[in-house]
Amino acid sequence: MTSVLSAVLRAAEPGRSLLDAVRRLARPYVVRRIFGMIPTVVFISIIIFVVIQLPPGDIVTSTLDRLQSSGVEVSAEQVQNLRAQFNLDKPMHMQYLHWAGGFVVGDMGYSYRYSRPVNELVWERLGYTLLIAVSAVFFTWIVAVPIGIFSAIRQYSIGDYTFTVIGLIGIATPHFLLALLFMYAAYEWFGISIGGLFSPEYREAPWTLAKVWDLCQHIWIPMVVLGLGGTAATMRVLRANLLDELNKPYVVTARAKGVRPVKLVLKYPLRIALNPFASTVGLLLPTLIAGDVIVSRVLNLPTLGQLLLDALLTQDMFLAGSIVMLQVILIQFGLLLSDLVLAWIDPRIRYE
Amino acid sequence: MTAPVLEIRDLAVEFKTDTGLTRALRNVNFDVPRGEVTAIVGESGSGKSVTANCIMRLIQPPGRITGGSIRFAPTASQAFDIAALEDKDERLLDLRGGHISMVFQEPMTALSPVHNIGGQVAEAILCHREVSKEQAWAEAAQMLAHVGIGDIERRMTMYPFEFSGGMRQRVVIAMALVCNPEVLICDEPTTALDVTIQAEILTLIRNLQDELKNSVIFITHDLGVVAQIADHVVVMYQGRVLEIGTVRQVLKQPVHPYTKGLLKAIPGVVDPGERLATIASVVGDADITTPFPLIKLSDGRQVSLPRGHVPAELKP
Ligand SMILES: Nc1ncnc2c1ncn2[C@@H]1O[C@H](COP(=O)(O)OP(=O)(O)O)[C@@H](O)[C@H]1O
Ligand SMILES: [Mg+2]
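Here the protein sequences come in this chain order: F and Y. Each residue of the first sequence is one higher than the last, beginning at 425 in the numbering used here. Each residue of the second sequence is one higher than the last, beginning at 72 in the numbering used here.
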């Protein structure tokens with residue numbers, strides 16, 4: 425496996441690091457692109473703001489409901505104060521400017537429900553979200569790339585058919601079902617507590633080696649469940665891409681000059697078959713942040729996706745809007761990152 | 072006279088296709104004399120490329136070598152049968168690009184689009200010799216200069232899309248020659264190029280052969296090119312060899328009706344304004360599809376004809 429990886433890495437030209445490419449060729453391009461994002465982001469932020477306002481009621485009415493149903497009387501003046509506190513008495517466009525302006529200076533607003541700044545809530549979960557997502561992507565690639573290569577080289581072999589069937593089952597199985605099965609197995613066979621990233625006794629404990637070990641025991645379920653979904657698709661696409669490339673004349677040329685069979689596949693067709701994937705790297709960014717909401721729910725993972733779902737259910741407007749907004753911004757930067765990566769690995773692409 | 076570098080005997084290749092078995096080659100027999108240029112001519116689909124790919128063992132499924140032998144006699148080591156080698160045999164991997172190299176028809180697609188020129192040429196060296204990367208790079212630069220590419224330092228780090236067709240073909244030629252192979256196979260190396268570039272590449276190959284003295288197999292459908300470059304000619308048709316001889320014999324005094332037809336169909340041989348003959352009209356009712364075995368004539372050439380059809384003065 426390591427030799428495969430190092431061969432792929434070596435296939436990239438020496439002395440051409442991504443940062444290098446950005447520094448030498450792309451700085452004006454990057455600056456231009458970042459400025460180009462502004463209108464898009466502003467436009468989408470307006471839409472988000474409007475959509476969030478659409479459902480009847482707001483945080484104050486739902487607070488009042490709660491208070492009244494528990495028998496507390498609230499005076500009109502108190503209601504007025506409450507509205508003023510959340511800026512709800514201002515006209516719509518002022519409310520928008522207040523929210524969007526905060527974003528510009530890195531303040532995502534205030535969560536009514538948690539009574540804490542959104543920034544804090546997001547940062548808290550960002551680490552775990554990234555950890556889960558990155559390990560899932562890692563799992564996907566470690567499994568999908570070798571299988572994709574095998575299936576392409578041994579097209580229509582028994583192995584190829586087997587992986588195809590498993591892959592299709594993988595695509596068709598809902599993630600949450602897998603999550604349930606895995607949790608059952610983990611509990612029945614390994615006695616690992618169900619759900620979450622930690623056993624109860626470690627949840628609030630300070631970081632120790634034991635806590636890290638506990639994390640390792642729990643993280644493999646989300647890693648495999650979330651990773652498997654992508655695996656099937658990735659290996660099918662890689663197989664198709666590779667089959668397209670395997671008989672191209674440049675591969676024949678390389679074979680004719682004496683390149684050894686394994687290196688032949690890794691250095692030439694695989695390199696090109698991976699290009700489309702490299703261009704999706706940037707788009708992983710936003711999905712990484714949201715994660716799979718349903719799986720997060722089933723597995724009780726502390727991800728941003730869960731937070732978003734909660735926020736929507738409780739009409740916690742700043743929280744929900746801010747998370748969606750964060751994703752929009754990440755998508756924009758993800759697209760830019762994709763283009764840069766693609767230009768880096770494929771010399772035919774130039775920054776224009 | 073030294074022994075031929077390649078002796079091809081009864082070579083047969085089949086392709087399994089949806090519509091059945093295609094016999095791409097049947098009983099192909101010819102020798103490649105050492106240090107000279109042998110041209111293989113024939114119309115499109117006659118099996119020229121398949122023959123070349125057999126010598127490099129580049130035939131991929133659904134194709135398969137179903138019979139015959141390709142005896143390769145390197146100057147420095149033991150002769151062996153290329154057709155009989157296992158896929159994993161080190162001699163085969165050594166052979167490709169080391170002892171026998173190939174230049175392809177399509178320079179536009181023959182190079183990897185995402186690897187730089189220098190790296191692709193240097194790799195041919197690294198596949199066959201234990202030298203450092205720097206050494207290989209330096210030798211690649213030398214070879215590229217040799218095939219007429221200027222401004223080497225800059226061009227080595229450029230990519231194929233930045234090169235014209237003629238330049239790319241020079242790169243492919245450099246890549247093929249960089250390990251100084253005994254045999255160079257050129258499979259229609261100029262067909263995809265403009266006429267002026269064609270002439271340049273042809274001259275380049277001719278000059279390099281004069282200098283390096285390797286054996287060249289030059290595949291073409293253009294008899295004008297044959298006259299310019301070849302010492303010997305092998306005429307192929309429908310996967311068979313019809314006539315083998317020196318350039319003088321085959322072009323001046325063809326024996327096989329099909330060869331005669333080919334020659335009549337060259338533009339420029341007939342007077343301007345006159346219609347070109349079609350091969351069919353020249354061949355007439357002569358039987359060119361029955362596979363007769365090659366017979367050796369008194370002047371040394373071989374032809375696939377029944378004994379009775381051989382001209383009296385050439386009867387063996
Ligand atoms: N990949 C292939 N699949 C099926 N048949 C093939 C393939 N390659 C070659 N052939 C068969 O071999 C014959 C000779 O092809 P080729 O050697 O490429 O001709 P040419 O003389 O033009 O180079 C073709 O007519 C075709 O029937
Ligand atoms: Mg051909």
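Don't take each hint at face value.
Only part of the chain F face toward chain Y is listed, based on derived beta-carbon distances under 10 Å [unchecked claim]:
| no. | residue |
| --- | --- |
| 1 | K514 |
| 2 | R537 |
| 3 | R540 |
| 4 | P541 |
| 5 | K635 |
| 6 | Y674 |
| 7 | T677 |
| 8 | A678 |
| 9 | R679 |
| 10 | G682 |
| 11 | K691 |
| 12 | V752 |
Hints are computed from structural coordinates only; laboratory data are not their basis. It should be emphasised that the depicted structure is a prediction, and the values quoted were computed from it without experimental measurement. From the three backbone atoms N, C-alpha and C, an ideal C-beta is built for every residue, glycine too.
>> Could you work out which of the previously given hints the structure breaks and list their numbers from low to high?
In response: The structure conflicts with hints 1, 2, 3, 4, 5 and 12, although it agrees with all the remaining ones.
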